[in-house]
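*Asks:* Could you put the whole structure together from the sequences, leaning on the hints where they help?
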Amino acid sequence: MADKEQTTDLQEKPFKPSSPSSKLDLNGFWEYADAPQSADFIELADQYELFIDGKFTKPASGNYFDTINPATEKPIAKIAEADEKDINKAVKAARKAYENTWSKISARERGKYIFRLARLIQERAREFAIIESMDGGKPIRESRDVDIPLAAAHFFYYAGWADKLNYAFPNKEVESLGVAGQIIPWNFPLLMLAWKIAPALATGNTVVLKPAETTSLTALKFAELCRDAGLPDGVVNIVTGAGETGAAIVNHDGIDKIAFTGSTEVGKIIMKSLAGSEKKYTLELGGKGPNIIFEDAPVDQAVEGIINAIFFNQGHVCCAGSRLLVQEGIANRVIQKLRDRMETLIVGDPLDKNTDIGAINSKQQFEKINEYLEIGVNEGADIHQSSCSIPENGYFCRPTLFTNVGQSNRIVKEEIFGPVLTIQTFRTAEEGIEKANNTPYGLAGGVWTDKGSKIFKTGQKIRSGVVWSNTYNQFDPTSPFGGYKESGMGREGGLHGLEPYVKLK
Amino acid sequence: MADRINVLKTYKTYVGGKFPRTESGRHYKVYGKDEEVIANACQCSRKDFRDAVVAARGAQNGWNSRSAYNRGQILYRIAEMLEGRKTQFVEELKPLGIHHRTAQKEVETTIDTLIYYAGWADKYQQVFGSINPVASNHFNFSIPEPTGVVSAFAPEESPLLGLVSVITPIIVGGNSCIILASQRYPLPAISFAEVLHSSDVPGGVVNILTGFKEELVDHMTSHMDVNAFFFTDPKVNKEYRKQIDENAALNVKRIVHHPVNDWSQHQEDPYLVTKFQEIKTTWHPVGF
Numbered sequence: 038m039a040d041k042e043q044t045t046d047l048q049e050k051p052f053k054p055s056s057p058s059s060k061l062d063l064n065g066f067w068e069y070a071d072a073p074q075s076a077d078f079i080e081l082a083d084q085y086e087l088f089i090d091g092k093f094t095k096p097a098s099g100n101y102f103d104t105i106n107p108a109t110e111k112p113i114a115k116i117a118e119a120d121e122k123d124i125n126k127a128v129k130a131a132r133k134a135y136e137n138t139w140s141k142i143s144a145r146e147r148g149k150y151i152f153r154l155a156r157l158i159q160e161r162a163r164e165f166a167i168i169e170s171m172d173g174g175k176p177i178r179e180s181r182d183v184d185i186p187l188a189a190a191h192f193f194y195y196a197g198w199a200d201k202l203n204y205a206f207p208n209k210e211v212e213s214l215g216v217a218g219q220i221i222p223w224n225f226p227l228l229m230l231a232w233k234i235a236p237a238l239a240t241g242n243t244v245v246l247k248p249a250e251t252t253s254l255t256a257l258k259f260a261e262l263c264r265d266a267g268l269p270d271g272v273v274n275i276v277t278g279a280g281e282t283g284a285a286i287v288n289h290d291g292i293d294k295i296a297f298t299g300s301t302e303v304g305k306i307i308m309k310s311l312a313g314s315e316k317k318y319t320l321e322l323g324g325k326g327p328n329i330i331f332e333d334a335p336v337d338q339a340v341e342g343i344i345n346a347i348f349f350n351q352g353h354v355c356c357a358g359s360r361l362l363v364q365e366g367i368a369n370r371v372i373q374k375l376r377d378r379m380e381t382l383i384v385g386d387p388l389d390k391n392t393d394i395g396a397i398n399s400k401q402q403f404e405k406i407n408e409y410l411e412i413g414v415n416e417g418a419d420i421h422q423s424s425c426s427i428p429e430n431g432y433f434c435r436p437t438l439f440t441n442v443g444q445s446n447r448i449v450k451e452e453i454f455g456p457v458l459t460i461q462t463f464r465t466a467e468e469g470i471e472k473a474n475n476t477p478y479g480l481a482g483g484v485w486t487d488k489g490s491k492i493f494k495t496g497q498k499i500r501s502g503v504v505w506s507n508t509y510n511q512f513d514p515t516s517p518f519g520g521y522k523e524s525g526m527g528r529e530g531g532l533h534g535l536e537p538y539v540k541l542k
Numbered sequence: 002m003a004d005r006i007n008v009l010k011t012y013k014t015y016v017g018g019k020f021p022r023t024e025s026g027r028h029y030k031v032y033g034k035d036e037e038v039i040a041n042a043c044q045c046s047r048k049d050f051r052d053a054v055v056a057a058r059g060a061q062n063g064w065n066s067r068s069a070y071n072r073g074q075i076l077y078r079i080a081e082m083l084e085g086r087k088t089q090f091v092e093e094l095k096p097l098g099i100h101h102r103t104a105q106k107e108v109e110t111t112i113d114t115l116i117y118y119a120g121w122a123d124k125y126q127q128v129f130g131s132i133n134p135v136a137s138n139h140f141n142f143s144i145p146e147p148t149g150v151v152s153a154f155a156p157e158e159s160p161l162l163g164l165v166s167v168i169t170p171i172i173v174g175g176n177s178c179i180i181l182a183s184q185r186y187p188l189p190a191i192s193f194a195e196v197l198h199s200s201d202v203p204g205g206v207v208n209i210l211t212g213f214k215e216e217l218v219d220h221m222t223s224h225m226d227v228n229a230f231f232f233t234d235p236k237v238n239k240e241y242r243k244q245i246d247e248n249a250a251l252n253v254k255r256i257v258h259h260p261v262n263d264w265s266q267h268q269e270d271p272y273l274v275t276k277f278q279e280i281k282t283t284w285h286p287v288g289f
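The listed protein sequences derive, respectively, from chains A and B. Heads up: the first sequence is residues 38 to 542, going by my numbering. Heads up: the second sequence is residues 2 to 289, going by my numbering.
Derived by calculation from the structure, the hints in this document are not laboratory data. Ideal Cβ positions, reconstructed from N, Cα and C, are used throughout, including at glycine. Honestly, I wouldn't trust all of these hints.
[To be verified] Straight-line C-alpha distance at most 20 Å; calculated DMTMM-like pairs for lysine to aspartate or glutamate: (1) K276(B) with E212(A); (2) K243(B) with D293(A); (3) K317(A) with E240(B); (4) K236(B) with D226(B); (5) K390(A) with E212(A).
[Unchecked claim] Stretch by stretch, here's where chain A covers chain B in the computed footprint (C-beta under 8 Å, at least three residues): (6) 21–32; (7) 70–83; (8) 123–137; (9) 238–248.
*Replies:* As structure tokens, then:
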């Protein structure tokens, strides 16, 4: 195929993604064979009950709802719907466990139970990863390499804190709060469970946790681990259901603390519901993360970072870098490279190990994203989507860029929670920072430049709880995470993640 | 008949480093312990509060950009200025019915509280920040940063010590604030503004209004450009608290309620500083 001239050319310029002249050959060069993760060994029941007081219990109402595989639109199992009566039962069990056992055993033994949970997650990691991908649509590579290992790590980290709390709060006496009511989202089901349950247990509280209605399965599997670990009955209670179940938790008088992760809209409703009550609360809410690329940034790394920032987990990430702010001088180059890189992304079967972007979590979210795509187009923005094929069934969305947008566009202001990136430009650092901060949100932001002082100055000026410099979407149990402004209050992870679960005297 | 007619002081407000009267033109009477009228105070309006928020927002970034060392020095400077005007403040507390020795103690404790927090200005970041040993190749650290603009009620009791104990933990961490002075006895608050004014505190960092809590509480807790609200009332009516919390939900405002029964007991606590701080975590890759 190669004539002499071409060969010489290739030798002079060997293929290297970062060399300016090279471009990926997209015409059939990158065919991947299927690499499915086998799900044969996964055992799922037809129906799942509530986990209350150490036992799987039928819901008082007798109602169940389907949990759907968003990649196939087929139901996987039936999930119990908890109502006020069930919540009441769960809170009573948690209270009893708090008073009779969990607050009585030594901190060291408490920690050992949590270590056990960490180990059990590791032992059954692949099973959890597969179920997570089936139930929530995320690519197996992410659930296997990110969600589940991080969840286990989180339990490991907080287990060790249980008997060391006095070192976390110098000059104070540390007390637990009692019963924590926790409500988690569907984007990182088991990981969010770990973020909630691990610090709560380590600080000596008991828990009533509600997973999101579209992703209950790994939480219920976790309930099995609690049983297997011999965790005293009632220390962890898992109640499934939708918004009404969550409201029953928020409004229950027997709960001392509410921890919520979800949208800012619901967070505000929860704040209103808690108004005038003595309950302590922490909120981890929405975001519209700015990702600032300076002209002196390492462009190819930045492009990888932008891709990771917005397309990780289908863009269902509260801290996603959904607003790209790129300095004018390199804007065209960055956008071209982004488009090229987007073309290589594989959208499809979450259980295929080659898949980069899986299924949108639910029909509801799928419709919401499509609505925003329409809004963007109607607002006059230029849309660009990758040309990849997507499966016929299931909820899939091609990675999308919007250019020609302004600060006042809804797609720039509102959290879309999907694989949709808006691109704006700026001239000076001040303008970039101004645009970055021009939002009621403040969860996370990115900054890309090879100049150290610029990183620190920009990072300092971005009003958000997390700043990723020359990287994006990194998480670790030792590292505090949480928002400024309307992105919430309180921190999860790290030493600072203990504070929401303790009383200091 | 006295040889000389005393010159009475007009008490105004303190906003953006200036001493304006309320835009509303309203006033209310301030009484001493024998129900005698001592002065007229401004009955500030919603507009006054909104103007103060603009001033506070405008000053916050600059104040936060000062070095921690400089903020500490400025707080120390406030204490120095107050020390020099001790007698004036002792005299101003007396009409409340406060005994000379108690008044003196209150002023001295106020000065010491300022010095206590001045010392925290460049230390709380070290005590409450962290370096995080993440499992990946990243340098990762978390530091406290100011929440932003804070509105606050100064306590009714203890019009000087209470006021300063509310202001100081807010501003030491780089926030700016709008304080509603003790309603019953706002005079020391306005005199304290004069101390601030001569202490290198940039205009707008502390704004002091006088007026009625009932009238202003909704505005102070619902304003969309205020990030936190601080109050120390020992007993709070449940409905009242509910209103505050519901207003806060509009922009996820931080509500800090730190009930204090007795201000004569020291109310110094670095953990209070952290109530007006947000933890920021920064990641950077490590490698060649």
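*Asks:* Does each hint hold? Answer for all of them.
*Replies:* Tested hints:
Under the criterion of a C-alpha separation no larger than 20 Å, the hint pairing K276(B) with E212(A) is consistent with the structure, at around 18 Å. Annotation: proposed proximity of K243(B) to D293(A) holds, straight-line Cα distance about 17 Å (limit 20 Å). A threshold of 20 Å between alpha carbons decides the hint, and for K317(A) with E240(B) the separation of about 18 Å falls inside it, so the pair holds. A hinted pair counts as satisfied when its Cα atoms are at most 20 Å apart, and K236(B) with D226(B) does not qualify at roughly 27 Å.
Distance hint between K390(A) and E212(A) is unfulfilled; the C-alpha atoms sit about 45 Å from each other, more than 20 Å. Here's how the stretch 21–32 of chain B fares: 0 of its residues keep a CB closer than 8 Å to some CB of chain A, so the rule of at least three is not met and the hint is violated. Coverage of the stretch 70–83 of chain B by chain A is violated in this model, with 0 residues showing a Cβ closer than 8 Å to a Cβ of that chain against a need of three. Counting residues of the stretch 123–137 of chain B whose C-beta lies closer than 8 Å to any C-beta of chain A gives 7; at least three are required, and the coverage claim holds.
With 8 residues bearing a CB less than 8 Å from a CB of chain A, the stretch 238–248 of chain B meets the requirement of three and the coverage assertion stands.
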